[in-house]
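**Q** These are the residues of each chain, in order.
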Amino acid sequence: MSNIEELESKLDQNFVAIRYNVEIEGPAIKPENDSDVQNILPKEEPYKSIALAVLYGDMEASLSNVNDGLEAGLSPIDIINNGLMKGMDAVSALYTKGFYFLPDLMLSGDSMMEGVRVCEKILGHKSETKGTTVSFVAEGDPHDIGKNLVVMFLRANGYDAVDLGRDVPTSEVIKAVEEYKPIFMTGTALMTTTMTVFPKVVEELQKKGLEVPAFGCGGGSVRKDFVESFPMSVYGVEAYHTPKLADSILKDKKTWKELRKEYSKIVGEFVPEYA
Amino acid sequence: MKRFTRMIYKNPEEIIFGNAKFPVSERWNIQFGAGYVVPEVKVAPQEGSEASKEKMIGECRNIAQSACQRAVSIGLPSFMLEQEHVFQQTNYPEWAGECTQIQAEILERYYDEYGISVALRQTPADIRVEERAPGLRGSDYDNKIEESMEACAANGASDLCIESMGGKSASDYGISRGDIKAVLFGIGVLGSIDMEYVWKRIVNICKKYDCRPGGDTDCAQANTAMFMAGGLLDKDIAHTTAALARAMGAARSLVAVECGAIGPLKDCGYENPIVKAISGVPIATEGKNAVCAHSDLMGNLMAATADVWSNESVYHRQEMGGTTPEVWLQATGYEAALMNTALQTGTGETLRDIYTLTDKYRDPQGLILAYDNAYRIGKAIVNYGKDPYLRARAAALEAGKIINEAVDSGKLYLTRFERDSLDNALKIIEGLPLDADQFTDECLRTYTRKVPEFDPKSYEL
Numbered sequence: 000m001s002n003i004e005e006l007e008s009k010l011d012q013n014f015v016a017i018r019y020n021v022e023i024e025g026p027a028i029k030p031e032n033d034s035d036v037q038n039i040l041p042k043e044e045p046y047k048s049i050a051l052a053v054l055y056g057d058m059e060a061s062l063s064n065v066n067d068g069l070e071a072g073l074s075p076i077d078i079i080n081n082g083l084m085k086g087m088d089a090v091s092a093l094y095t096k097g098f099y100f101l102p103d104l105m106l107s108g109d110s111m112m113e114g115v116r117v118c119e120k121i122l123g124h125k126s127e128t129k130g131t132t133v134s135f136v137a138e139g140d141p142h143d144i145g146k147n148l149v150v151m152f153l154r155a156n157g158y159d160a161v162d163l164g165r166d167v168p169t170s171e172v173i174k175a176v177e178e179y180k181p182i183f184m185t186g187t188a189l190m191t192t193t194m195t196v197f198p199k200v201v202e203e204l205q206k207k208g209l210e211v212p213a214f215g216c217g218g219g220s221v222r223k224d225f226v227e228s229f230p231m232s233v234y235g236v237e238a239y240h241t242p243k244l245a246d247s248i249l250k251d252k253k254t255w256k257e258l259r260k261e262y263s264k265i266v267g268e269f270v271p272e273y274a
Numbered sequence: 000m001k002r003f004t005r006m007i008y009k010n011p012e013e014i015i016f017g018n019a020k021f022p023v024s025e026r027w028n029i030q031f032g033a034g035y036v037v038p039e040v041k042v043a044p045q046e047g048s049e050a051s052k053e054k055m056i057g058e059c060r061n062i063a064q065s066a067c068q069r070a071v072s073i074g075l076p077s078f079m080l081e082q083e084h085v086f087q088q089t090n091y092p093e094w095a096g097e098c099t100q101i102q103a104e105i106l107e108r109y110y111d112e113y114g115i116s117v118a119l120r121q122t123p124a125d126i127r128v129e130e131r132a133p134g135l136r137g138s139d140y141d142n143k144i145e146e147s148m149e150a151c152a153a154n155g156a157s158d159l160c161i162e163s164m165g166g167k168s169a170s171d172y173g174i175s176r177g178d179i180k181a182v183l184f185g186i187g188v189l190g191s192i193d194m195e196y197v198w199k200r201i202v203n204i205c206k207k208y209d210c211r212p213g214g215d216t217d218c219a220q221a222n223t224a225m226f227m228a229g230g231l232l233d234k235d236i237a238h239t240t241a242a243l244a245r246a247m248g249a250a251r252s253l254v255a256v257e258c259g260a261i262g263p264l265k266d267c268g269y270e271n272p273i274v275k276a277i278s279g280v281p282i283a284t285e286g287k288n289a290v291c292a293h294s295d296l297m298g299n300l301m302a303a304t305a306d307v308w309s310n311e312s313v314y315h316r317q318e319m320g321g322t323t324p325e326v327w328l329q330a331t332g333y334e335a336a337l338m339n340t341a342l343q344t345g346t347g348e349t350l351r352d353i354y355t356l357t358d359k360y361r362d363p364q365g366l367i368l369a370y371d372n373a374y375r376i377g378k379a380i381v382n383y384g385k386d387p388y389l390r391a392r393a394a395a396l397e398a399g400k401i402i403n404e405a406v407d408s409g410k411l412y413l414t415r416f417e418r419d420s421l422d423n424a425l426k427i428i429e430g431l432p433l434d435a436d437q438f439t440d441e442c443l444r445t446y447t448r449k450v451p452e453f454d455p456k457s458y459e460l
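Line order of the protein sequences matches chains P and A.
Position 272 of the first sequence, counting from 1, maps to 271 under numbering that gives the first Met the number 0, and the rest follow consecutively.
Position 103 of the second sequence, counting from 1, maps to 102 under numbering that gives the first Met the number 0, and the rest follow consecutively.
If we strip away everything but chain A, and leave its shape as in the complex, we get:
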């Protein structure tokens, strides 16, 4: 497996929304990172739709139909529909196949009738349970994920993604206790190992069909830290800890690309700007138009590097302005139109910089993802590119350095909790072994005892 040991982007100034070094084409005449931004909409099936296959298919059909209808009603040149699977869709691969098929048929009809460029992303759920034998590998759930992936690819998905959960047992323990070593072990080591297992399979499935391997997201880990960090007044996780977890998450999510994923990387991977800077693949991101799903502190900044702009997720229901597939596609669609207008008029870089500056010093989590800083973290990762542990460690150290520089220059202010958590974390990380095996052995001794759900066999350790 190739590892990234050098940056594909040679200069942070080159990184901009709607443009990637390696654009991706999918069926129905759509390109990603090819000079324009594609809006995305994603809607969660409403409760009760899981009662039968027929109901779920009907639900997926309605979501696709509503999105297509609004897209042509407001004149969108392109859009991506993503369906993140609920448990039942992945657990019953037949459902996965038939739900994909109905959505593909609807998208194709609109493509044929209006010429609108469309894409259908299917994201089976990672339903594996680590603490239940045989763990993450080879369980019934694991096999169902593989079968669902194949069913989606065979029935019209234009790309496949997943939010894989490897390493979550250790990182959850670490995030909730401020134990940065456990976070690094969970994301940098265990997460990276599991990603390789998951993504080699997905890439092999995609090779058999007209279906692209999209990407993964560190949703289970870095997003857990971000959600728990919450707003400025929340009392759970230090925002500096969440920022370090995010930087580590980039080293981990890069593994999908190293296994053959080509993008667009999945929307809720807030680490995607770093992965784009390293690998040149197009990315989906989310921010201010994902307020229907969650709050973050970088709502504009995440648009600066987007190739696909997403709403993350929303209940399937009615708003005053229409059903949620209509309303939220309209929201992402108009934002993409703004970005595309900027690109067409030669003002893209200015808009990118304005997006960035609105959030750069709102919070340390946004600061490290500003495209110039994302580039710096990318460089730290590729310097240790061959070693998943060392590169995650380097990413965290570089993120800490970026935060400290902003504080020292009076641009970013931290609370004592954030300051102490950062100082403590950096001291611990700096003192960690420079040998991955030694670090892993130490962590195995500690966390197999402390984290009951952690199963080393799931990682072949």
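Excised from the complex, chain P in its bound form:
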């Protein structure tokens, strides 16, 4: 027996570390058997199958079901609203409850978006969305996974999320605001010295007399006190909070000042940064 094995034999692991994620885990259930999911999923076919394919993140089945529905003469809009989006709503419900995880969400989002693309091809134009948002990574910053998640969450929740990419000059951000008139904008940064782009963006918007209802700023080194040192901005803590913030702007006409005050309530959970 080596030294470490001998020491290990004396150790009661419960005095050192407990995997609470294992401790609190409930019984396994099929996603479609969850009560919230049952309330969300459509009852009639083929919408139910279309929604289930999204729920399972099965892109092939999703495309096949969408094509079958279109061939049967269903309206592309109905397929999107009553099938694809319902599936995604169910996915969001499971993610919120902790039964689904990010990969489930991403694969379901991919399946939904492919289905939407097929429908839009038939429609000949983009389907109606809740509203347009704009997302970018600060100039000088190549770290974009946070922005990619934000864009995915917004799209999965029915927003037309315009993705400007990473290392985006301020002038391009301003151009996008002029062009798309977003209801919400997000900026992400990893470095302390690239997040300073955010107040410059706001300054340029103000110079041009432009405004966005709220400008969500977040990322690795971005701090709430810094974000709240300039107007129009809201410190974003988690990527999955983004659609909830956008919804509250859209439905409840919340301003950036109200988002700052009511952040935890709006996202529906305890957020230490806002405690």
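Read the hints as simulated data drawn from the structure, not as lab findings.
Predicted, not measured: the structure shown is a model, and the values here were computed from it.
Cβ coordinates follow ideal geometry from the N, Cα and C atoms, glycine included.
A couple of the hints might just be wrong.
[Claimed, not checked] Footprint (simulated), chain P over chain A, 3 or more residues, beta carbon under 8 Å:
no.	stretch
1	76-89
2	127-133
3	174-181
4	222-236
[Unchecked claim] Here are the simulated DSS-like cross-link-like pairs (lysine-lysine), alpha carbons at most 30 Å apart as the crow flies:
no.	chain 1	residue 1	chain 2	residue 2
5	A	K378	A	K287
6	A	K378	A	K410
7	P	K47	A	K449
8	A	K9	P	K9
9	P	K223	P	K207
10	A	K449	P	K129
[As the list claims (entries may be wrong)] Some residues of chain P that are not near chain A, with every Cβ distance over 12 Å (derived):
no.	residue
11	I39
12	K42
13	N66
14	N80
15	T128
16	K180
17	K243
18	K260
19	G267
20	A274
Place chain A on chain P using the hints.
**A** Just chain A now, kept in the frame of chain P:
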């Protein structure tokens, strides 16, 4: 280029903090892996300092001065100051040179006055953007990185590091979707190819100066997986997936050493214990004294094999106990003092084992980095040492085996998400081709379509 096909360490028991098979000496009378642990401090310039070169130089001067002052105030025999560049420092090589120069002057002054052993690590930022032509190679940004490296080396850096980003487009796609094939392609194939490109250049620059090629870290990939995996209750990435990504990251970060990097390898490379076991180079690691930068589930365990013990990064500002360079150097300094006391009193192995056991079964990510398991993964890598793809694949399979053994013996518990993600990943990896070209062709067909940022030309594919 040499490839590691055998282990430099012959026995995992030999691996311990403060000791490496191939110690490294740098100017200002400092050695790494030579029987003692060196504390490191790293502080990010505060916002606004990027407004002008003068402000950035002032910021770097203040960071160095504060760190030196606290080091002598609490009696540290040695320390390393690392400056990770912000965008502007790398994008303007003149800034890189002058910021390095001012920090080198301050360190040298303290070395001359007090005899304290010091080192100055400069880490230019990888600011390349893959999807913007001409991609990772030959762009203005790429050239600026090279120029900044040279400016640092010429102006007093005692070693150079980087956190290179090659393969990140594919691995980000894979990590966020639980697509282990994309993760393996991004880290094992693309990451390894880009590392060779980046590190041959850095080593050539260092040869011209009294400056050592330190090492790289799989920060852009395996750390992305670790950060997204988060704590026990987070809902993003399975911790088992993050553990497999980490094992692959060791096969990729080893490339820097194969190109001529000699260490200490860079602090946030949590894969470093594996690379040390294979190559014998000294490593920097971080854990509990890096809580200022991020949370992890192996805060003590990472100290078990450290030759440099780091705080990772912190805002430059004031805490109750002083400025952050002072406070966090004190934190890493006292931890290094504990390790050095253990080494001096012949109790180093016991402390190493205690560090290890505190976190070994907290999470699968820590389990695979415990020095005995890191050694096993190292062996899996060198068995396929000549083939970057196959060795990353072997590392992931061995990590999976280690996790499964711990679960089977009732020492580690997994959630269903972790269990399912691991089973699924191992099944996919086991079914992958044993020929790197075939795997690469398959991945090129799939991921050039699925990942818009991925540019095969950046890897000469």
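**Q** Determine for every hint whether it applies to the structure shown.
**A** Verification of the hints:
no.	hint	result
1	76-89	holds (count 3)
2	127-133	holds (count 4)
3	174-181	holds (count 5)
4	222-236	holds (count 7)
5	A:K378 x A:K287	28 Å, holds
6	A:K378 x A:K410	23 Å, holds
7	P:K47 x A:K449	27 Å, holds
8	A:K9 x P:K9	27 Å, holds
9	P:K223 x P:K207	26 Å, holds
10	A:K449 x P:K129	26 Å, holds
11	I39	19 Å, holds
12	K42	29 Å, holds
13	N66	19 Å, holds
14	N80	26 Å, holds
15	T128	21 Å, holds
16	K180	25 Å, holds
17	K243	15 Å, holds
18	K260	24 Å, holds
19	G267	14 Å, holds
20	A274	17 Å, holds
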